[in-house]
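Visitor: Below, each chain spelled out in residue letters.
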Amino acid sequence: MNVTFLFTALIGAILLWFALAWKLRTKSWIVKGVISEDGFSAMPAHRVGLWVFLAVVTSLFSLFIIIYNERSTFPDWRPLPDPQLLWFNTALLVLGSIALQLARDAAKRDQLAAIRVNLTAAGVFTIAFLAGQVLAWRQLTDSGYFLSTNPADSFFYLLTGLHGLHLLGGLFVWAKTTMNAWRKPDPEDMSEAAGLRLSVQLCSVYWHYLLLLWLVLFYMLSSS
Amino acid sequence: MAYVAIADRDHHLHDPQTFITKYIWSQDHKVIAVQYSITAISVGVLAMVLSSMFRLQLGFPDTFSFVTPENYYQYVTMHGMIMVIYLLTALFLGGFGNYLIPLMCGARDMVFPYMNMLSYWVYLLSVLVLLASFFIPGGPTGAGWTLYPPQAIADGTPGVNGGIMLMLLSLAIFIVAFTMGGLNYVTTVLQARCRGMTLMRMPLSVWGIFVATILGLLAFPALLVAAIMMLLDRIVGTSFFMPEMLSMGDQNAHNGGSPILFQHLFWFFGHPEVYIVALPAFGMVSDVLATHARKNIFGYRMMVWAIVAIGGLSFIVWAHHMYVSGMNPYFGFFFATTTLIIAVPTALKVYNWVLTLWRGDIRLTVPMLFAIGFIFTFTHGGLTGLFLGNVTVDLPLSDTYFVIGHFHMVMGVSPVMVLFAAIYHWYPKITGRMFSDTLGKWHFWCTLLGTYAVYLPMHYLGLLGVPRRYYAYGSDFMPDSAYTLNSSITVAAVFVALSQIFFFINVIWSMRYGEKAGSNPWGATTLEWQTPDTPPKHGNWGAKLPTVYRWAYDYSVPGEKQDFVPQNVPPRAGIVAGRDHGVHH
Numbered sequence: 000m001n002v003t004f005l006f007t008a009l010i011g012a013i014l015l016w017f018a019l020a021w022k023l024r025t026k027s028w029i030v031k032g033v034i035s036e037d038g039f040s041a042m043p044a045h046r047v048g049l050w051v052f053l054a055v056v057t058s059l060f061s062l063f064i065i066i067y068n069e070r071s072t073f074p075d076w077r078p079l080p081d082p083q084l085l086w087f088n089t090a091l092l093v094l095g096s097i098a099l100q101l102a103r104d105a106a107k108r109d110q111l112a113a114i115r116v117n118l119t120a121a122g123v124f125t126i127a128f129l130a131g132q133v134l135a136w137r138q139l140t141d142s143g144y145f146l147s148t149n150p151a152d153s154f155f156y157l158l159t160g161l162h163g164l165h166l167l168g169g170l171f172v173w174a175k176t177t178m179n180a181w182r183k184p185d186p187e188d189m190s191e192a193a194g195l196r197l198s199v200q201l202c203s204v205y206w207h208y209l210l211l212l213w214l215v216l217f218y219m220l221s222s223s
Numbered sequence: 000m001a002y003v004a005i006a007d008r009d010h011h012l013h014d015p016q017t018f019i020t021k022y023i024w025s026q027d028h029k030v031i032a033v034q035y036s037i038t039a040i041s042v043g044v045l046a047m048v049l050s051s052m053f054r055l056q057l058g059f060p061d062t063f064s065f066v067t068p069e070n071y072y073q074y075v076t077m078h079g080m081i082m083v084i085y086l087l088t089a090l091f092l093g094g095f096g097n098y099l100i101p102l103m104c105g106a107r108d109m110v111f112p113y114m115n116m117l118s119y120w121v122y123l124l125s126v127l128v129l130l131a132s133f134f135i136p137g138g139p140t141g142a143g144w145t146l147y148p149p150q151a152i153a154d155g156t157p158g159v160n161g162g163i164m165l166m167l168l169s170l171a172i173f174i175v176a177f178t179m180g181g182l183n184y185v186t187t188v189l190q191a192r193c194r195g196m197t198l199m200r201m202p203l204s205v206w207g208i209f210v211a212t213i214l215g216l217l218a219f220p221a222l223l224v225a226a227i228m229m230l231l232d233r234i235v236g237t238s239f240f241m242p243e244m245l246s247m248g249d250q251n252a253h254n255g256g257s258p259i260l261f262q263h264l265f266w267f268f269g270h271p272e273v274y275i276v277a278l279p280a281f282g283m284v285s286d287v288l289a290t291h292a293r294k295n296i297f298g299y300r301m302m303v304w305a306i307v308a309i310g311g312l313s314f315i316v317w318a319h320h321m322y323v324s325g326m327n328p329y330f331g332f333f334f335a336t337t338t339l340i341i342a343v344p345t346a347l348k349v350y351n352w353v354l355t356l357w358r359g360d361i362r363l364t365v366p367m368l369f370a371i372g373f374i375f376t377f378t379h380g381g382l383t384g385l386f387l388g389n390v391t392v393d394l395p396l397s398d399t400y401f402v403i404g405h406f407h408m409v410m411g412v413s414p415v416m417v418l419f420a421a422i423y424h425w426y427p428k429i430t431g432r433m434f435s436d437t438l439g440k441w442h443f444w445c446t447l448l449g450t451y452a453v454y455l456p457m458h459y460l461g462l463l464g465v466p467r468r469y470y471a472y473g474s475d476f477m478p479d480s481a482y483t484l485n486s487s488i489t490v491a492a493v494f495v496a497l498s499q500i501f502f503f504i505n506v507i508w509s510m511r512y513g514e515k516a517g518s519n520p521w522g523a524t525t526l527e528w529q530t531p532d533t534p535p536k537h538g539n540w541g542a543k544l545p546t547v548y549r550w551a552y553d554y555s556v557p558g559e560k561q562d563f564v565p566q567n568v569p570p571r572a573g574i575v576a577g578r579d580h581g582v583h584h
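Here the protein sequences line up with chains B and D, keeping their order.
Letter 59 of the first sequence, counting from 1, is numbered 58 in numbering that gives the first Met the number 0, and no numbers are missing.
Letter 178 of the second sequence, counting from 1, is numbered 177 in numbering that gives the first Met the number 0, and no numbers are missing.
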């Protein structure tokens, strides 16, 4: 585990180095006058903000994953049965992600009707996913696997719960975006359409990320 | 041109109208910075009072009886946690990060002002939750600031009923607040710099705060994970960290938890935390030194690289806090090596500060005194770090006063020296008035000499083997010859605490009666000193954003009339673009 971790850290450091080195080599004490720096500045701030936030979430869940792998090698680890329902839930989340991607494509072409339909569908799929997760919890507690029965159970509830919380946060933004999409558009206001396009785009990024995260968690939880 | 700074776009600024939107529910980064600072300093004062109280107990165990053993552990715990998280982190990043980033980058405000406001109010909530633990039955937790399980949530530890839960909850809330603030700082530095402000033209203060924020964003999740899991252990009875054990003679209900796991998580956060505090301090002290020495910072590029390198390395040294937890010797060897490697960029920075002073036109103003004081305290604290970084030396010294002396010098006194330097340095900009020089100098000398009187003897006590965390020392734990020395530490600690009164009188009195400072009293080059109004008004820059033509350290440039050239002054006519004048390279 430590080797893996160090290896990733090393790779990350090298990448960071390459990304920054060309910029950090500037001899800023020599060059006078206006220099423009493109790159990040061309990107909308909200987008950068989201990616930084995703880095934070990645850090959070990576730590959980490392701990999980460490802990699951202990002899007292009693893995719990994976409810079949989780496969169905996974399909729902995939559908949600696809719907958001369609909404994003529609936003690129300014097709408001398609945005509305796909955006709403994405939310419905996601809510269904969350309901399915709660149902899976119910199934587990009914068969006697409680939060504190075994560390395997504790981790299962904790990780699925945290993932669900992140989706709930996403749904909050989704609700705002959907309300904006259903509002009667003002044909004069160009920034409104651009704002909607950006919101849909950011939602889709977040959803794809949480889908990917779920796939990793699902694989991990069911393979221990 | 593709470059349109976000702040240049014509979006509507949230103009504050009433007293409430202007000073309370404010989205202005400067007001939020002051709110953060006042809150952080207030809890900091509380933590300082707590330290004086437990020091009285330690220095004169037979004279004072108002500190019980339970209180002693609670005070020590709260002192540590408040100082590290709620004072230093909040003041450096929430306070100075908020104030300096938009002003130094030439932005009108943070990129997400609403979230910035929320960040402060959530931070305040975390402080209130923490303080609430003083008023519940059982009081705050006495687990030590590292909150190691199992004892943190085992019966017999003070505050095990409510205190520990409020502590963990408060930490979780703080992390949410920090994440909201941190997203703002990073995005603002990346996206909202004014025209011409390239990354390599940013003042080192911004660099330090920027990298520290990234560290915080990646490291605080570890603390969040630990806090959530320990809360579950405590409330629901899971066994993430709690092993099966006998507690007060009874079998506990847990089994199989790993306390070492908590230590890894805690220090995976805890060590970067040292640099979350240190990097902004490094940055700000560089700016103070360059300004008051009227010289460009020595090795600007190297300073930036060192900040980035220290930031990266800080993630692979955490286990040097755990040498005594029974680790594989190879593991210890690895961490000893990385720990000693991190001394290289850090030492580079110290050399560069000293070389900045060398043959400078040094003005011994109050901020400069504190900045030079920092070089001393940081070097001393850093050197003892080399001792403790080696496994074989650490083993006998671990859990002695040597460790306390080391980390208080390096991450207690040193960042606080920079904080005072920074507060005095930017005070004229924040309030528009000058502070009293005399009071400031009294404050400096009392603080510097006083803290040395506190922490130098601690190293000696540690070498004698005096253990830390003990409520009272009989002659079993402290040789008789060291008793007077131990008491002198307490006298000095109370003296330092009292001498902070100079600071508060100065800051409060000068706000009203200080001389008007003018917009640039130190003759500084960075953008915050070039604002049209002092203190800067909402939106910072009046009608037009500044344009940056040069780096942040054009002090004493040969051929220029003044000994400083602000960043927003264009190169003079007749000078070949892209070439410095009169300097061979």
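Mixed in with the good hints, there may be bad ones.
[To be verified] Which bits of chain B does chain D cover? Going by a derived footprint, with three or more residues having C-beta under 8 Å, they are:
1. 67 to 81
2. 95 to 105
[Said to hold, decoys possible] If you anchor each label on the Cβ, the simulated ranges turn out as follows:
3. D:Q150 / B:V215: 50 to 60 Å
4. D:Q150 / B:R77: 38 to 48 Å
5. B:L53 / D:L463: 45 to 55 Å
6. B:S142 / D:V235: 12 to 22 Å
7. B:S35 / D:S487: 53 to 63 Å
8. D:V235 / B:D109: 18 to 28 Å
9. B:L111 / D:A252: 56 to 66 Å
10. B:T57 / D:K543: 52 to 62 Å
11. D:A252 / B:R137: 45 to 55 Å
Since the hints were made in silico from the structure, they are not lab data.
The beta-carbon is built from N, C-alpha and C at its ideal position, and this holds for glycine as well.
Visitor: Work down the list of hints and note, for each, if the structure agrees.
Guide: Quick rundown of the hints versus the structure:
1. 67 to 81: holds (count 4)
2. 95 to 105: violated (count 0)
3. D:Q150 / B:V215: 50 to 60 Å: violated (35 Å)
4. D:Q150 / B:R77: 38 to 48 Å: violated (27 Å)
5. B:L53 / D:L463: 45 to 55 Å: Given a distance of about 51 Å, which is inside 45 to 55 Å, the answer is holds.
6. B:S142 / D:V235: 12 to 22 Å: Once the Cβ atoms are compared, 19 Å apart, the range 12 to 22 Å for D:V235 and B:S142 holds.
7. B:S35 / D:S487: 53 to 63 Å: holds (60 Å)
8. D:V235 / B:D109: 18 to 28 Å: violated (50 Å)
9. B:L111 / D:A252: 56 to 66 Å: holds (58 Å)
10. B:T57 / D:K543: 52 to 62 Å: Taking Cβ atoms as reference, B:T57 and D:K543 lie about 40 Å apart, which means the hint is violated.
11. D:A252 / B:R137: 45 to 55 Å: Since the Cβ atoms of D:A252 and B:R137 sit about 25 Å apart, the hinted range of 45 to 55 Å is violated.
Hints 2, 3, 4, 8, 10 and 11 from the earlier list are contradicted by this structure; the remaining hints agree with it.
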